[in-house]
Amino acid sequence: MKKTSFLSKQADSLQPSGIRRFFDLAAQMEDVISLGVGEPDFVTPWSFIEHSFHALEQGYTSYTENAGMLDLREEISNYLLGSFGVNYDAEKEIIVTVGASQAIDLALRATVNPGEEVLVVEPGFVAYVPTVSLAGGTPVTIQTRPEDDFKLTPELLEAAITPRTKAIILCNPNNPTGAALTRNELEKVAGVVEKHDLLVLSDEIYAELTYEDVHTSFPAIENMKERTVLISGFSKAFAMTGWRLGYATGPEEIIQTMVKIHQFTMMCAPTIAQHAALEAMKNGKSSVDYMIKSYKQRRNFIVSSLNEMGLSCPNPGGAFYAFPSIRETGLSSADFAEELLQEEQVAVVPGNVFGESGEGFVRCSYATSLKQLDEAMRRIKRFVDRRI
Amino acid sequence: MQEQEIELLQLIEKNANLEPSKIAKLMAVSEEEVRELLRSLEEKKAILGYSTLIDWAKVVQKEEVTAMVDVKVQPARGSGFDKVAERIYRFPEVKAVYLMSGAYDLSVSVEGKTMMEIGRFISEKLSALDSVLSTTTHFVLKRYKHDGIILDDEDDNDKRMVVTP
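Chains Y and V supply the protein sequences, listed in that same order. Numbering-wise (UniProt numbering), the first sequence opens with residue 1 and increments by one. Numbering-wise (UniProt numbering), the second sequence opens with residue 1 and increments by one.
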């Protein structure tokens with residue numbers, strides 16, 4: 001009989017995501033309209049799917065280069081240059097990964113030493129803090145404020161830096177708040193980053209989904225390219241979440257170290273997904289543009305509906321999330337989400353699962369058909385009217 | 001202005017039933033502006049009508065028959081194909097007429113209750129026109145997709161999990 005737990009202390013001490021409990025609750029119910037989903041409602045554009053059939057028929061079923069097919073890396077390089085004006089060498093400075101999630105993991109494992117601190121901006125994606133811990137680093141959160149529209153300010157950044165700070169993970173546009181930093185705001189952040197010689201992991205998975213200003217990629221800012229790992233992928237703008245395909249670009253030294261870890265732990269990203277992504281890069285623009293246009297219209301719709309019913313919601317500049325305040329109802333985020341689910345069968349995600357500063361807010365994804373959004377707004381209004 | 005017109009038209013092209021109040025929210029403009037845009041688009045005949053795409057088979061046991069007819073015609077001096085086309089498209093049985101490149105001249109879509117009825121129309125009316133040289137009739141057996149809409153698309157339910165990060 002075994003006497004002790006076989007689990008590692010570190011893995012055992014990881015806190016399960018607050019989203020999990022809520023998922024279990026929502027999954028048991030019927031007729032739920034979900035605004036809780038962090039992925040597009042669009043199915044992957046048909047030409048990408050059809051191209052993957054073709055690749056399979058041609059027999060592309062073996063491994064690819066560890067860093068991903070060179071054709072694909074070249075297409076990514078062209079795409080980043082054309083879309084955001086950042087220039088990366090396809091052979092040395094780009095790695096294709098299993099989703100942006102793996103790119104974040106690799107980047108952290110390639111750069112962080114035990115005891116070094118990594119800054120995580122909150123409210124933020126739920127995986128950053130645990131991934132930093134797993135890489136041996138110490139996560140330090142920065143709580144952005146509603147009065148700044150949840151944008152990272154140079155003052156907040158400066159206040160969080162210690163002699164042990166190594167890096168910052170910056171998600172722009174942000175999940176869950178939809179906050180998108182302008183070039184000017186990013187330049188101010190860059191000033192602090194350079195002063196303290198920090199590394200930046202810039203998660204730009206929502207880069208294409210910006211609705212007001214053109215997206216500024218962090219490495220496009222002066223002197224930032226040499227200290228930035230840009231992380232992105234195909235999941236969001238290209239509606240390819242299930243294909244699990246992302247990429248990272250950055251200084252050769254870091255990318256090649258990521259490739260080294262990747263070759264031992266993953267070999268390569270799925271071949272068939274790489275072929276679909278190749279088609280997405282070559283011929284995907286019109287499909288992507290159509291989806292962006294739809295998201296923008298739905299954003300306008302959900303933001304004005306939420307404000308009309310008394311849930312104050314700033315206009316998010318990017319991603320596909322609205323992050324309204326629910327303080328007027330007197331409920332906590334968790335109670336709001338749970339009671340809304342029970343009474344009106346609408347699923348939203350409590351803001352506090354994304355960090356303590358998300359308390360008093362809920363995340364509503366508008367990656368949902370207009371018909372569903374319309375009905376969801378009717379139900380939320382009914383719920384709110386009973387409380388305000 | 002033109003950008004707004006295009007956005008509005010693209011919204012109602014797929015759903016003529018969209019209320020102006022909703023369109024206003026989607027486009028982030030006032031409802032009055034939407035009504036004004038609609039009025040001006042109707043005036044300049046950019047919007048010609050608001051039709052509904054119906055799958056009649058779901059409601060009544062009514063067999064609709066559609067035929068695509070390839071028509072070769074003798075063009076007329078001065079008016080080319082236009083006069084002949086007009087002679088044809090004025091018939092209410094004719095749902096669409098296109099001038100084509102290639103092996104024939106006009107593509108004519110005809111609807112009727114039975115094949116017999118369509119056959120009668122083609123032999124007695126269409127082929128009987130002086131300028132019509134020949135016709136080849138193809139009956140539609142099944143409609144899969146019409147005007148960009150997939151019929152009987154039963155597999156369009158949301159396959160995502162209810163809550164994801």
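Calculated from the structure, these hints are not laboratory results. Careful, some of the hints might be misleading.
Partial selection, computed: residues in chain V whose CB lies under 8 Å from chain Y [what the hints assert, rightly or not]:
hint : residue
1    : K25
2    : L26
3    : A28
4    : E32
5    : K95
6    : V140
7    : V162
8    : V163
9    : T164
10   : P165
Heads up, the beta-carbon is just placed ideally off N, CA and C, and yes, glycines get one too.
Okay, the hints, checked on the actual structure:
Because the beta carbon of K25 of chain V sits about 5 Å from the nearest beta carbon in chain Y, less than 8 Å, this interface hint is met. For L26 of chain V, the interface hint holds, the least distance from its beta-carbon to any beta-carbon of chain Y being 4 Å, beneath 8 Å. Hint status for A28 of chain V relative to chain Y: holds, with the closest Cβ pair at about 4 Å, below 8 Å. Hint status for E32 of chain V relative to chain Y: violated, with the closest Cβ pair at about 15 Å, above 8 Å.
Given the 8 Å rule on beta carbons, the hint for K95 of chain V is violated: about 28 Å separates it from the nearest Cβ of chain Y. Against a cut-off of 8 Å between C-beta atoms, the interface hint on V140 of chain V is violated, since the closest Cβ of chain Y lies about 24 Å away. Against a cut-off of 8 Å between C-beta atoms, the interface hint on V162 of chain V holds, since the closest Cβ of chain Y lies about 4 Å away. Taken as an interface hint, V163 of chain V checks out: its beta carbon lies about 4 Å from the nearest beta carbon of chain Y, inside 8 Å.
Here the hint on T164 of chain V is kept, as its CB sits about 5 Å from the closest CB of chain Y, short of 8 Å. Because the smallest distance between the Cβ of P165 of chain V and any Cβ of chain Y comes to about 5 Å, under 8 Å, the interface hint for this residue holds.
Violated hints for the displayed structure, listed by number in ascending order: 4, 5, 6.
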